[in-house]
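Colleague: Below are the chains, spelled out letter by letter.
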Amino acid sequence: MSPDASGKSVILAVDDEEDILGLVKMVLEEAGYTVITALSGHEALQMLYHTKPDLILLDIMMPELDGMELIKILKVMDFSATIPIAMLTAKTDPGDRMAAIKENAIEYICKPFSPPDLVKRVKAIFQNNGHK
Amino acid sequence: MFKSLKIKLAIAASLLVIIIITVYSLVSVLTRREQLKNEIQDGVIAFAQLTVAPICQSYYIYYTSGYFKFRGILANFLRMNGNITEIQIIDVNGEVKFDSRQMDIEYSSTHRKPEFYEPGLMERVKRLDLSYKIINTADNREAISVVMPYIEEWGRHRLSVRFVGSFAALGYLIQSSLSQVLITGLLFVLLGSVMAYFMARSITDPISQLTIAARDIGAGKLDKEVNVKTDDEIGSLADNFNIMAKQLKYNLEALSESYDRLSQANAELMELDRLKSNFIANVSHELKTPLTTISGYADYLAMEKLGPLTETQRKGIEVMRRNIKRLTRQIKDLLDFITIESGHFTVEQHPFDIRALLDETAANYQAELDKKKLEIVIEAPEKLNVIGDRDRILQVIDNLVMNALKFTPRGHIKLKAQADGAGMVRIEVSDSGVGIPQESVPRIFERFHQLDGSSTRKYGGVGLGLAIVKSILDAHHSAIEVSSLPGQGSQFVFNLPLE
Chain A
1 MSPDASGKSV
11 ILAVDDEEDI
21 LGLVKMVLEE
31 AGYTVITALS
41 GHEALQMLYH
51 TKPDLILLDI
61 MMPELDGMEL
71 IKILKVMDFS
81 ATIPIAMLTA
91 KTDPGDRMAA
101 IKENAIEYIC
111 KPFSPPDLVK
121 RVKAIFQNNG
131 HK
Chain B
133 MFKSLKIKLA
143 IAASLLVIII
153 ITVYSLVSVL
163 TRREQLKNEI
173 QDGVIAFAQL
183 TVAPICQSYY
193 IYYTSGYFKF
203 RGILANFLRM
213 NGNITEIQII
223 DVNGEVKFDS
233 RQMDIEYSST
243 HRKPEFYEPG
253 LMERVKRLDL
263 SYKIINTADN
273 REAISVVMPY
283 IEEWGRHRLS
293 VRFVGSFAAL
303 GYLIQSSLSQ
313 VLITGLLFVL
323 LGSVMAYFMA
333 RSITDPISQL
343 TIAARDIGAG
353 KLDKEVNVKT
363 DDEIGSLADN
373 FNIMAKQLKY
383 NLEALSESYD
393 RLSQANAELM
403 ELDRLKSNFI
413 ANVSHELKTP
423 LTTISGYADY
433 LAMEKLGPLT
443 ETQRKGIEVM
453 RRNIKRLTRQ
463 IKDLLDFITI
473 ESGHFTVEQH
483 PFDIRALLDE
493 TAANYQAELD
503 KKKLEIVIEA
513 PEKLNVIGDR
523 DRILQVIDNL
533 VMNALKFTPR
543 GHIKLKAQAD
553 GAGMVRIEVS
563 DSGVGIPQES
573 VPRIFERFHQ
583 LDGSSTRKYG
593 GVGLGLAIVK
603 SILDAHHSAI
613 EVSSLPGQGS
623 QFVFNLPLE
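Listed in order, the protein sequences are those of chains A and B. Using my numbering, you'd call the opening residue of the first sequence number 1 and step up by one each time. Using my numbering, you'd call the opening residue of the second sequence number 133 and step up by one each time.
It is possible that part of the hints are untrue.
Stated by the list, open to error - Below, in silico cross-link-like pairs of lysine-lysine (BS3-like), each with a Cα-Cα straight-line distance of 30 Å or less:
(1) K52(A) x K8(A)
(2) K381(B) x K504(B)
(3) K120(A) x K538(B)
(4) K120(A) x K457(B)
(5) K437(B) x K123(A)
(6) K447(B) x K457(B)
(7) K447(B) x K120(A)
(8) K437(B) x K378(B)
(9) K25(A) x K102(A)
(10) K120(A) x K258(B)
(11) K408(B) x K378(B)
(12) K25(A) x K258(B)
(13) K102(A) x K602(B)
(14) K602(B) x K538(B)
(15) K505(B) x K102(A)
Note that these hints are calculated values from the structure, not bench results.
Just chain A, same shape as in the assembly (with noise of 0.2 Å):
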């Protein structure tokens, strides 16, 4: 469905943090696009099966189904393998990095983030794919 009626990218924002969804949403539709949230790995799931964004937001520490499980499904799921998966974590160590770039991440930005920071990366990520 990307990108959406009026043409924005659609991203998808996975994380446990309410706060941290809303900061999310609101910086990156400020600067032009179109945020969608899940609250667990879970609800991402439902929400993948009938829509298709055009990046995936991914925190690691979540409660019941974490960041690195559930990209190793989405990366095998024929709904959602071919979408760029971008982390969004605390998790600051290098070893956590390499573990989400072999799982084919494209992206790894640690919290705390600055907005301008966030949406730099963001943008990148869309140049770097074709996007807007």
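Please build the complex by placing chain B on the supplied structure of chain A, with the hints as guidance.
Modeller: Relative to the frame of chain A, chain B by itself:
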């Protein structure tokens, strides 16, 4: 099949027996031959002495009147000693009266010379005592010729008898004695081999037992005992072997006991470790998540995206943002430090461009540098690949620059990278700051250390940055050197391998 000690020993023993018997039989046959020859010779001489009178008397009585009778008697005599091949009756004039080779011919009318030539025979015929001589027969065989005179009752000597004894029997005798020797020899070989086999078995069986036991012990069956009850070296070997097995068993038991204890302790430690690592991750998450929203909204407020601000509001928000930044930095240092201290810290070494890394760090601090009106100078080739963990080295440079920034009120910060021509790259972070007193230099890499208590309040930070730097460089097997002149600046230098 020749690999068994048993068979090797048996073969060696048999060979020895065969060699002994061969030598023995050769020696014995050679000595026996002489002995047998003498026996035959003595037999022939004795025969001649015993039979000369009856032969000659028979000759006188029966030769002319009843030749067949005479011939019968002579044939009997010949049969009595198988070695005698010829008997001739010769008179002292050299006339052959009778020759056993020509029994059917009567010499009564015609006198004949003997049909054999034997040098000196006539002299011996005339002699009054026995004489003998070794001759060669017509078919070129050795024989003994004995001449025995017949002395009549009143001392008259008219006839002598010549006996020829053959040594042909010698061959048979030697042959039979040889075959006897051979049979006994073979018997000995057979017996010797059997004996050697059993003797060898008495040596090799315990060895096989030891071999099997050693294999069993190797396979972990330590209760196995070798049952060899001899007093020799093998017996003592078996005893020592049993003792060794018992000690091994005891040691293994002790070992497995301490292994159990250790693995239990290890499991407990691993559990603790897991808990610790989970704790670090949780603390990290719990601290950073609220910080993210606070700093994000503060940034947004400052950008007036949530509405226009009054001057006082703006000032208040700036103070918030400054302190959020400080808190962010402290939390980052603290978490880095805890991670490094906890041992959950790996270094993955790959080639990367150090110049790009220096540029990136400088860019990150540009705003703060501008604010303090400091200059940052980068001296490095356009591209210079070193080997190391890029993220960790970024942490190192970041901490060093942070440190320099903190202690440099004016002037410049310099980042330098240069290949030293010996396969290493020298990386330098220097400043024109307050410097470090000489006596404090050895302690600056200790954790929680700042020059004095007041500096914490003056410069901020909890004194973990340089400890993190040292830990990361230790993991790269690289040392860091510091030189400083108080009031003029400090210089931090470390080396990384060139790609």
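Colleague: Looking at the structure, which of the earlier hints fail to hold?
Modeller: 2, 8, 10, 11, 12 and 15
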